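Number of protein chains: 2
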Amino acid sequence: MVSWIKNFAALFTGKPATVLSGEAPQAIKLLCSRRSCRSFSDEPLREEEIQSILEAGRFAPSTVNLQTWTFITFSREQWHETFDRPIPFKGAFAITICADNFRLKNLLPDLQDTPFVNLSLAIFNAGLAAMSMNLAAEALGIRSIMLSETARAGLLDSAFLREKLKLPEKVLPLTTLVLGRSGIKLPGIPPRQPLDAVVMPAHYNKDAGALLGDWYKQMFLGYKLTHPLSSFDRQIAIYRKKMTDAEAVVKGMFYKI
Amino acid sequence: MVSWIKNFAALFTGKPATVLSGEAPQAIKLLCSRRSCRSFSDEPLREEEIQSILEAGRFAPSTVNLQTWTFITFSREQWHETFDRPIPFKGAFAITICADNFRLKNLLPDLQDTPFVNLSLAIFNAGLAAMSMNLAAEALGIRSIMLSETARAGLLDSAFLREKLKLPEKVLPLTTLVLGRSGIKLPGIPPRQPLDAVVMPAHYNKDAGALLGDWYKQMFLGYKLTHPLSSFDRQIAIYRKKMTDAEAVVKGMFYKI
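Chains A and B, in that order, are what the protein sequence lines are.
Numbering of the first sequence is given in my numbering, commencing with residue 1 and proceeding in unit increments.
Numbering of the second sequence is given in my numbering, commencing with residue 1 and proceeding in unit increments.
It is possible that part of the hints are untrue.
One copy or two, it doesn't matter: identical chains are merged, so the pair holds either way.
To be verified - Taking lysine-lysine and the BS3-like style, the derived pairs with C-alpha atoms no more than 27 Å apart in a straight line are:
(1) Lys217 with Lys185
(2) Lys206 with Lys166
(3) Lys105 with Lys164
(4) Lys164 with Lys242
(5) Lys105 with Lys224
(6) Lys105 with Lys251
Treat the hints as calculated values from the structure; they're not laboratory data.
Because the structure is a prediction, the values reported are computed rather than measured.
Work the whole structure out from these sequences, hints included.
Have a look at this one:
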């Protein structure tokens, strides 16, 4: 019972232990306090804001500086033309972030015969670029959400996106970063797994899963509070179905040499 | 000839077009100016700095908030005990960032039958966390480098790292973030591909590879300048050999259900 009360409290206070206190640099506060936004206002983004966000992605680090990513960009009009509906959550601008081993294939033909390594590195690098763009938006006071299974805008709808965005072989869509402004107060940060479950000194701790009980309860409770008509269980069931549908497509991507 | 001069100039000036000018927020300046450091001083990191960096990783966003990452941490002593040599480039602290679908496997057994989707998402999420930690370090004035093929500390040495770090099935090491201080002036930012090659409005541009000629020349020139005894060609050849060695191991990881 005490742990439930603590969990409930953690849902509303769930803040990082050390970094937000005292004189933490602004960038660290941004890193530890960003939230996904699910409701945007009509207000557009300014062109220079969009450029800054894209530049932050372009200047992200990558393995051997090969920049194995592509950012497909959408104004509201372009999204509507492509998908015949508004940007999810009525965002003002959207960037579909892809792992890309296509663009370099003619320039570096020697690196084409290891598709699993290539695509794994490209996915990881795209994650670096995605976080850079997300943080750039936060720094500009622009809100965002990264979609991977919502609204057919991420990895779990790879086949759909490949067709809609005319993606060639070796290009895997991972997420859509939806951007915009919002006056809405965002809910608390969803619960994070305890530090001891995630950070392991010197070698892997196979028992770390046993430390996740409270976190799992918090996820349940948090979902119920923010989605009274649904549940974390139900969300996982939906997620599982989408993952099962996507598995063969994603697997096929790894074999597209 | 003019383009060579322009390329040469770009090597030293290669800065993002818009974001560093004027009143850009500090976080954006960090995002667009971070550099990999390859020589660290003896000075250690403070415990609260390490905690802040790890918290930035723990608080990164992830698909369905599942936090499918693990951070294996090393002091100088722990790295030496594990690998029998110093942290690469004499770093003060190291974090090996892994995609992790092991920790959750008992808690979420329903999500275990789609290994390609799971691992792809986990790699992407780990990229988000890696960039968050990298940026947190930058914000604290701590320098860093992310290794994926150097010093057997990343994805290309998965089999070696799995043994050394006692990684179970479903855990894929991606990179080691080496951290420390340095008084050394860092070289310019390596050349980025042109914006038009990376950012594509509304759908994929299959001809973007043709825009990379200048960038490729810059990579050659830059390598020659910073590695007079080597070349970009030679680096690519080394990289290719390591990728070929790693391919079967990485592929095997995707099949470990």
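Structure-based check of all given hints:
no.	hint	result
1	Lys217 with Lys185	within (24 Å within a copy, 49 Å between copies)
2	Lys206 with Lys166	between (42 Å within a copy, 9 Å between copies)
3	Lys105 with Lys164	within (22 Å within a copy, 34 Å between copies)
4	Lys164 with Lys242	within (18 Å within a copy, 35 Å between copies)
5	Lys105 with Lys224	between (47 Å within a copy, 23 Å between copies)
6	Lys105 with Lys251	both (20 Å within a copy, 20 Å between copies)
Checked against the numbered hints above, the structure breaks none of them.
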